[in-house]
Structure formats: C-alpha cells, structure tokens
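In the order they appear, the protein sequences are chains D and Y. Just so we're aligned: 19 in full-length UniProt numbering is position 19 of the first sequence, and the numbers increase by one with no gaps anywhere. Just so we're aligned: 417 in full-length UniProt numbering is position 417 of the second sequence, and the numbers increase by one with no gaps anywhere.
Don't read these hints as lab results, they were simulated from the structure. Backbone N, C-alpha and C fix where the C-beta goes; we use that ideal spot for every residue, glycine too. Honestly, I wouldn't trust all of these hints.
As the list claims (entries may be wrong) - Computed list of chain Y residues with no C-beta within reach of chain D, every gap over 10 Å: (1) E96; (2) E103; (3) G266.
Claimed, not checked - Taking lysine-lysine pairs in the BS3-like style, the calculated list, with each CA pair at most 27 Å apart, reads: (4) K447(Y) - K429(D); (5) K123(D) - K304(D); (6) K304(D) - K156(Y).
Stated by the list, open to error - Pair by pair, the computed Cβ-Cβ distance ranges are: (7) R289(D) - A329(Y): 33 to 39 Å; (8) L44(D) - G108(Y): 53 to 59 Å; (9) T207(Y) - G424(D): 44 to 50 Å; (10) L44(D) - A134(Y): 46 to 52 Å; (11) V428(D) - S187(Y): 36 to 42 Å; (12) Q504(Y) - V428(D): 46 to 52 Å; (13) Y274(D) - G428(Y): 48 to 54 Å; (14) R503(Y) - A84(D): 53 to 59 Å.
This is what each chain is made of:
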Amino acid sequence: MTATLDAPTPAAATAAAALPAPPPAYRTPIVLAVLAVVTAVMALATPAGATNVRISTNTDLFQIPVFAVPGRATAWLLTVLVLAAAAYAFVLARGRRRIPVWVIVVAGVCALLALLVLISAGKTQVVPVTGLLAGTLFLATPLVFGALSGVVCERVGIVNIAIEGQLLAGAFAAAVVASMAGSAYVGLIAAPLAGVAVGALLAFFSIRYQVNQIIVGVVLNVLVVGLTSFLFSTVLRENPQLNSRTALPTLPIPLLSEIPLVGPVLFRQNLLVYLMYAIVIALQILIFRSRWGLRLRAVGEHPKAADTVGIDVNRTRWRNTLLGGAVAGLGGAFFTVASGLAFGKEMTAGRGFIALAAMILGRWSPTGAVAAAVVFGLSDQLRILMATLAVPVPSQFLLMLPYVVTILAVAGFAGKVRAPAAEGIPYVK
Amino acid sequence: MRLELRGITKRFGAFTANDAIDLVVEPGQIHAILGENGAGKSTLMNVLYGLYTPEEGEIVVDGVPRTFAGPGDAMAAGIGMVHQHFMLVPVFTVAENVVLGQEPMARGLIDAGSAATVVRETAESLGFHIDPNALVGDLPVGVQQRVEIVKALSRKAELLILDEPTAVLTPQETDELIEIMRTLAASGTSILFITHKLREIRAVADTITIIRHGRVVGTAEPTTPETELASLMVGRSVSLGVDRAPAQPGEPGLAVRGLVVRDAHGVPVVDDVSFDVARGEIVAVAGVQGNGQTELVEAILGVTTPEHGSIELAGRPIDGLGVRDRLDAGLAFIPEDRSTDGVVGEFSIVENLVLDRVGAAPVSRGGALDVAYLRRNAAERVAEFDVRTTSIDREVGTLSGGNQQKVVLARELSRDLSVLVASQPTRGVDVGSIEFLHRRIVAERDKGAAVLIVSTELDEVLALGDRIAVMCGGRLVGIVPGGVSRDVLGLMMTGMPPEEAARQAAEHHTLLGEADLAAELQAPDGEPAVVQDGAVVQDAAVVQDASHESEEQR
C-alpha cells in the first residue's frame with residue numbers, strides 16, 4: 001500500500017496531456033488591423049488645414065484658449081494609435097493571452113476621432129471637445145443601464161431580449177408620473193417599477209412556464225411598443241398635461257465640476273448619470289466578490305450545482321430578473337425626464353438592442369459594458385456633430401452610424417466571448 | 001454518523017424505482033451499494049440527498065427521523081454527496097466552488113482568505129494539496145473529484161455518498177481515491193459507495209448491500225468471491241472468464257495514417273494517430289473518457305473531417321468518401337451514445353433495423369418500402385440477436401439499454417462488412433447482455449472482419465482486445481499485446497510510454513493490481529485463468545451464462 005503512495009502521481013501528466021495549448025486566435029488583431037487601414041484611409045482623405053478645438057468651459061478654474069490642431073497630423077497620429085492597438089492585440093494573441101476590452105475600445109475611439117478630424121479639418125467651426133465628451137457620456141447612459149440589466153439577467157441564466165421594452169416602459173412611466181407629480185425626481189421612482197413589471201412578465205413566462213426566453217423577450221418588446229403607442233395616441237393625446245416636459249436639473253458637483261475637461265464631462269450631469277456611476281461600481285464589485293454575485297453566477301453557469309448546495313435556483317432567477325428589469329427601467333428615464341423631453345412613440349429607437357450588443361462586447365461585465373457603451377455613445381454623438389457641421393452626407397446615413405458601429409463591433413470582436421453556460425435554459429429538477 | 005433507511009419507496013408513475021429499501025450505515029463504515037445500471041442505486045441516493053421525495057419510508061439520522069425537502073436539509077443533517085457528474089462550476093475557482101452556498105463573509109463581501117484556508121486545511125486533513133485559486137475547469141477530473149470531496153467535508157459531512165466515483169478515473173487515480181476513502185473512514189466519516197464494479201467493492205468496502213430491480217436482494221462481505229457477487233447482482237448464477245480463440249490476423253482491414261482532428265477551438269483532439277487493424281483481429285482502444293477516442297471514430301465514419309492524415313478501408317483510401325459511401329464500402333459503426341446516434345427512439349424495431357439501408361433493394365422497391373421484407377427481416381434479426389421484446393412493432397425507446405444495443409448490433413452486423421468500429425459497445429448495458437454482445441463481436445472477428453473497439457472500461461478492453469491501443473490527450477501512447485496488466489494500461493492512460501509503464505508497473509502495483517496478482521498466485525478455486533500471450537487474463541467481469549432474465553424495464 002505504501003508502494004502505491006510512493007508511485008508517481010499521474011495527475012501532473014494528465015493535466016499536461018489533457019490541456020494542449022489552443023492555437024492563437026487572430027480574429028481580433030485582424031479586425032483591428034482592418035480598422036487601422038480604414039483610419040489610414042480617413043487620414044489620407046483629411047483635407048489640409050486645422051481643426052479648431054475648444055476644451056474649456058466658462059466655469060473652469062482656469063481657461064485654456066481655443067487652439068487649432070493640425071488635421072492631417074492628428075489623423076495620422078490616431079492611425080498610429082489604432083495600429084499600435086492592433087499590434088498589441090497581435091502580440092497578446094500570439095502569446096495566447098486574453099485581449100482586454102480596453103484595447104478594442106481605445107482603437108474604436110481613435111477611429112471615431114479620426115472621422116471627427118476628417119469632417120472638421122479646415123472648417124471655421126470650433127469643435128467643442130468638452131461638449132462632445134459630455135454628450136457621449138450622456139448618450140451612453142441608457143446603453144449602460146440596458147447593458148447592466150442584461151448582465152444581471154444573463155449572469156443568472158435568463159436571456160433578456162426585452163431590454164428595449166423595459167427602456168421604453170421606463171421612459172413612458174417616468175414621463176407620465178413626473179408630469180402627474182410635477183417633479184422629474186418622482187419619474188425616477190416610477191421608471192424602475194415599469195421595468196420591473198416587464199421583467200416580471202419575462203420571469204413568469206420563462207421560469208414558470210419555460211417558454212423560450214428569446215421569443216418571450218421579442219414578444220414583450222412588441223407588447224410594450226404597442227401598449228405605449230396606444231396609450232400615447234389615446235390617453236396622452238387627450239390629456240396633454242399627463243405628458244409634459246419635465247427635466248432633471250443638472251447638478252454640478254462643487255469643485256470636481258471645475259476641473260478642466262474632466263469636470264464638465266463627468267461631474268456636470270444630472271442625477272440619473274450619477275446613479276449610473278454608483279450602480280456600475282456597485283455591480284462590478286458585488287457580482288464578482290459578494291455572496292449575492294457568487295450565487296447569481298453559479299445559477300447562471302451550473303444551476304444543478306447551485307441546487308445541490310441548497311440555493312433555490314428559480315427563486316434566484318426570479319429576483320434577479322426583476323432587478324435587471326428595474327435597472328433597465330431606470331435607464332428608460334433617460335429618454336424623457338433626463339433629456340427634458342415628453343414621451344414619444346417608440347422613442348427608444350432600438351437602443352435596447354445596442355445595449356445588448358454593449359453587454360456582449362463588454363463580456364458580461366459591468367465595466368466592460370460601460371466601455372462598449374461609450375464607443376456606441378460616441379458614434380451617436382458624432383452623428384449629431386456631423387449634422388451641425390453640415391457634412392455633405394445624407395442625414396439617413398448619419399442616422400445609421402451607431403447601428404453600423406454596433407454590427408461591426410459585435411461581428412468583429414464578439415466572436416470569442418463566452419456567455420454564461422446555462423443562459424436561456426430553464427431549470428427543471 | 002449512523003444512518004438508517006427504513007422502507008424507502010420511490011415511484012415514478014407506475015414504475016417503482018425503489019421498493020421498500022432498508023439499509024443501515026454504521027459510523028466510520030464504508031458501505032458499498034452494488035447493482036446494475038437501472039437497479040435504482042442513483043434514485044436511492046437522490047432520495048437520501050433530498051433531491052427526490054420518497055413516497056414511503058423514513059430516513060433516520062443518529063436515531064432521529066428526518067425529512068429532507070432539498071439538498072440543503074440533507075447537508076444540514078451532515079450528508080454530503082459526490083455526484084457522478086460533478087456539481088462544480090467550471091469557471092469558478094476551487095475556493096469559490098467549495099464555499100458556494102455557505103460563503104464566509106468579511107465586510108459585506110466574500111472572505112477570499114478564509115475560503116482558501118478552508119480548502120487548504122480540508123485537503124491537508126485528507127493528505128493531499130489543492131490550489132484554492134485554480135479554476136476548476138482547468139483541473140483533471142481526478143482533482144475535480146477531490147474538490148467535490150473537499151466541498152462535501154467542508155460542510156461538516158459525516159456521511160459521504162460517492163456515486164460511481166471511479167467511472168472517470170484511471171486505475172492509479174482510483175487507488176488514490178481508495179486511500180482517501182480509508183482515511184475518511186478511519187476518522188469516523190461514514191461512506192456510501194455506489195458502483196457496479198465488483199473489483200473495487202472487494203478492495204474497499206466493509207460491507208456490501210446488493211440492489212436489483214429496486215429491491216435489496218442481499219448483503220455480503222467483501223471476502224465474497226466476485227462470481228457470487230455477480231450472481232446476486234444479476235439474479236442468477238454466473239461465472240466469470242473469457243472464452244476466445246487466439247486471433248488469426250489476415251490482410252489489412254483498417255489503416256489510419258497520421259490522423260489529426262481539431263475541435264472548434266482549433267485544439268488538436270486527435271493528434272497524429274496511426275495504426276492498422278488486420279482482418280480477423282480486434283484492436284481495443286483504451287483511455288479515459290475524452291482523450292480523443294470519440295473524434296477518432298467520428299473521423300473514421302466520416303462525420304468529422306480530419307485536418308491531416310488518411311484512412312484506408314481494405315487497402316483503399318476512403319478520405320474523399322461521405323458517410324454513405326463508407327458504409328457501402330463495408331464499414332459498420334456502433335456509436336457510443338445509442339440513444340442519440342444509434343437508434344431513433346420513437347421508431348419501431350422494424351424501422352430501426354433498416355435505417356441505413358432504406359434507399360436500395362431489398363428494403364425498398366420502386367421508391368416505396370417493401371413492408372413485407374421489413375417485417376420478415378425484423379422477425380429474423382430479433383430472433384438471431386435475442387432481442388427481448390413483446391413485439392417487433394415496439395418503439396425502440398421503450399426497450400432496455402441492452403436490448404436497444406442488440407438492435408443496433410443487429411442492424412450493423414446484418415450487412416456484408418469488412419471493418420467494424422464499435423464505440424462503448426456495452427455502456428449502460430446489463431451484465432447479461434454484455435456477454436452476448438461480446439460474443440457477437442468476437443464472432444465477426446472470426447468471420448474475418450477487422451474490429452476496432454473503443455472502450456473506457458478496462459475490463460472490456462482486456463476481454464476483447466487482441467491488441468490494445470492506449471490514447472491520452474489525443475495521442476496514441478502505444479499499442480501493446482492483449483492481456484497486458486491493468487497497471488501498465490493505467491499508467492499508459494496517463495501518457496506514459498509503454499516501456500516506462502511496464503517498468504513502473506513492475507515496481508508498484510495498484511491495490512486492484514495487487515488483488516489480481518494475489519488471485520493469480522493462489523489460483524482461485526473454480527476460476528480458470530485464461531492464459532494468452534504469456535499473460536494472465538482472468539479479470540474481465542464478463543458473465544458467461546446467457547440464460548437471460550427479463551431485462552425490460554419500465
């Protein structure tokens with residue numbers, strides 16, 4: 001018997017033999033290289049002349065005057081940065097290491113900035129960088145909320161295609177309740193409740209009756225669009241006081257908001273954006289380090305394993321699907337009270353699906369989702385800027401920009417990501 | 001813990017999986033539960049672990065009757081279970097898996113430090129080491145099993161259920177598991193050890209309870225001879241041994257040259273494999289599940305396209321041929337998972353017997369099936385292959401595993417064939433049918449077929465293989481003559497070359513290997529050892545008696 005204990009352990013040999021190194025995956029570096037080529041083409045097309053840039057606002061502690069940036073040189077610098085990102089990704093891929101999300105985000109942002117230089121070089125208008133970045137963050141807000149909702153739901157094993165519907169329901173509830181109460185803040189309470197209602201339907205059908213979750217999600221989106229459009233053209237039309245414009249006030253944070261560039265971008269926003277910061281940080285920590293997060297992920301990866309240690313799988317799924325609905329619903333408030341707009345038919349315009357793409361691109365992590373959402377937000381912001389700069393491109397094409405970026409991003413970069421293993425599979429004992 | 005089960009009855013509809021089962025496990029005892037596949041062992045353990053609620057009977061823990069609404073209750077009562085399919089989250093670390101459900105907390109978050117300490121201390125108390133921060137998915141199955149044991153013990157389990165724990169282990173890993181079980185029992189932990197493998201039971205159990213058709217049919221001591229245990233398990237007298245003439249290898253049948261198959265991630269799962277199988281011989285491929293055997297046979301059949309290499313059938317390359325053409329060229333194939341790849345469960349026996357031949361005469365004429373021929377064919381095959389059924393029109397899905405496998409074999413062997421590739425031919429098959437299936441396979445060899453058997457059961461490999469090829473990590477470790485000792489095969493299954501394995505096996509015997517050796521020296525009463533190629537082969541748990549009993553379940 002002692003002889004067997006002294007025998008060489010086969011475990012090491014098995015481990016080495018059972019886990020041959022996979023060949024390098026060059027998909028992401030190749031896509032980045034293509035992006036570098038595109039950026040180079042844009043740099044070539046950039047007209048001579050400078051882009052006038054303003055990065056100060058009136059309230060900053062000190063002022064930086066408007067200055068001119070040489071267009072071509074900047075475009076080439078950006079090209080080099082994209083190329084560097086591609087090269088770094090190539091080195092990582094060759095070493096079979098993971099390519100972090102930020103590499104992709106940096107490359108995407110540089111490519112979009114090159115586009116900005118292309119359209120603004122040689123023009124007399126000033127490009128307000130601060131406004132551009134603040135607008136990017138603001139436009140990314142509903143995407144971040146939607147993506148966080150997706151992260152919570154999918155991490156627990158429920159596919160949430162209904163983000164679009166939850167955003168729309170949140171937008172509607174926020175507008176109506178804020179109008180009735182006469183306070184935009186009350187709208188922020190109503191929005192998550194509307195999202196919870198949609199989440200409850202999703203949970204009810206997919207957990208209780210094990211209906212295919214993608215189908216339930218699509219149907220819920222159609223339901224919410226139909227319902228809100230109906231109420232909009234009947235109840236809200238007859239009672240316009242129920243759909244008035246209420247706006248969340250901008251709340252500059254003292255001192256922080258006076259830092260040049262960073263201040264106006266990050267700290268001169270409204271409460272919804274500050275809530276977003278808090279929720280992103282909280283979820284990032286809690287999902288990966290708390291008891292709730294560990295159980296959430298266990299249920300989404302291997303529900304039976306969770307069950308055998310006494311975790312109630314379906315109850316966990318119910319609760320977190322409702323939580324996800326609340327997060328997306330809160331994000332819906334962006335479209336109405338946070339933007340100072342009244343509710344309009346189908347005003348979310350597919351942002352829920354872009355949020356879904358941001359979640360996938362961000363690899364089911366809150367911070368990754370934020371990074372991806374910022375790329376999409378920037379493309380949205382560029383669309384607006386291009387319209388004001390009177391770029392000779394039909395406006396319909398400009399409207400397509402965020403969606404084109406979404407398709408390219410998901411097709412080009414999302415190929416290797418791994419979804420939670422039990423996602424979309426009902427748990428039956 | 002002293003555990004007592006009194007009259008446990010569990011029914012699924014009209015089917016009684018457990019019928020008034022009584023069982024007592026004393027503290028510190030290793031209590032084996034022996035039974036065939038489908039005898040009701042796993043159902044009983046799931047009742048005990050709170051996953052199923054029994055219709056009748058009670059569970060008494062240390063004299064107190066308990067009811068378990070879920071696994072949480074069972075754990076709270078001190079019962080831990082290591083499932084056959086591990087209940088571990090592959091993307092979690094060892095520590096996360098171990099503390100899941102009872103996480104140590106510090107400042108509102110999980111206390112990673114004390115979680116790691118729990119893992120280290122529990123593992124050390126059992127005499128091994130585990131890195132708490134390793135990802136479970138990166139660990140070999142043997143280590144994953146230890147994580148499961150650590151997980152159960154860290155929940156203060158005083159009774160540990162091990163459900164078919166050796167199914168995924170090499171003989172050497174099995175040995176290490178047996179050591180751990182003994183350490184546990186010595187420290188007072190009771191162990192319920194579920195298996196259908198006779199040899200292991202005799203090596204480790206203090207007492208044995210035998211279950212058949214959901215009932216306790218007897219208890220035995222570990223000193224009971226294997227034949228007697230097998231008789232109790234199957235329900236009739238059986239004898240063990242292998243009866244098989246030496247092979248007469250002839251012309252080349254199947255040749256595989258430099259075969260490389262990559263999986264979806266680009267990882268080579270079959271890595272430069274070359275071998276020949278002559279007509280009239282059986283080559284058995286041994287290896288732990290998931291070391292490329294599945295992909296190898298799929299490439300031979302043609303459902304997987306290899307990246308490199310070539311395959312020849314009777315001297316003729318078949319690389320460009322599709323599955324249909326390969327079958328027509330004389331290849332017969334028995335898939336490893338009969339329920340998904342072997343039969344269509346909702347089809348009748350009649351239909352399943354001609355699945356691969358519907359396109360041509362005599363099965364179809366003028367574009368329509370010849371029903372008269374089909375029925376005649378089915379009646380003949382059912383008789384020839386001893387398929388136990390009430391009617392040839394029965395849905396195959398309602399037959400027992402052994403009878404389903406006979407239908408698959410009947411279909412594949414009813415054509416002219418030059419090469420037979422059989423993957424796990426007796427997995428999940430009752431002991432009675434195993435012997436029949438083995439005899440049919442040997443008969444095909446004697447008729448001149450080249451036979452390739454893939455099996456993860458060493459007993460089967462040793463029972464059938466004229467030569468034995470061992471695979472590990474997608475590579476062919478080596479080919480050794482049939483009848484080589486299981487210690488050598490076990491070491492080769494970890495990737496050790498044959499010469500090195502033979503040298504080390506001569507120095508250190510595994511517990512089961514020692515048992516073999518002892519049996520060989522004592523020349524056990526009434527069990528003739530079949531000597532072949534100078535090696536002793538007497539261990540295959542093949543039941544000789546073919547007087548079948550009702551095998552139809554449900």
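Status of the hints after comparison with the structure:
1. Listed as outside the interface, E96(Y) is inconsistent with that label: its C-beta sits roughly 6 Å from the nearest C-beta of chain D, within the 10 Å cut-off.
2. Interface exclusion of E103(Y) from chain D breaks down, the closest Cβ pair being 5 Å apart, not more than 10 Å.
3. Against the 10 Å criterion, G266(Y) falls within the reach of chain D, whose nearest CB is about 4 Å from its own CB.
4. A C-alpha spacing of about 48 Å is found between K447(Y) and K429(D), which places the hinted pair above 27 Å, so the restraint is violated.
5. The straight-line distance between the Cα atoms of K123(D) and K304(D) is roughly 62 Å, outside the 27 Å bound, and the hint therefore fails.
6. The suggested pairing of K304(D) with K156(Y) holds, with an alpha-carbon distance near 21 Å, which does not exceed 27 Å.
7. About 59 Å separates the C-beta atoms of R289(D) and A329(Y), a value inconsistent with the hinted range of 33 to 39 Å.
8. Between L44(D) and G108(Y) the CB atoms are about 55 Å apart, so this pair conforms to the stated range of 53 to 59 Å.
9. For the pair T207(Y) and G424(D), the beta carbons lie near 46 Å from each other, so the given range of 44 to 50 Å is met.
10. About 50 Å separates the C-beta atoms of L44(D) and A134(Y), a value consistent with the hinted range of 46 to 52 Å.
11. The hinted window of 36 to 42 Å between V428(D) and S187(Y) holds, with their beta carbons roughly 38 Å apart.
12. Separated by about 47 Å at the C-beta atoms, Q504(Y) and V428(D) satisfy the suggested range of 46 to 52 Å.
13. Hint check: Y274(D) to G428(Y), Cβ distance near 60 Å, so the stated range 48 to 54 Å is violated.
14. Checking the proposed 53 to 59 Å range against R503(Y) and A84(D) shows it holds: the Cβ atoms sit about 54 Å from each other.
Hints 1, 2, 3, 4, 5, 7 and 13, counting from the list given before, are not met by this structure.
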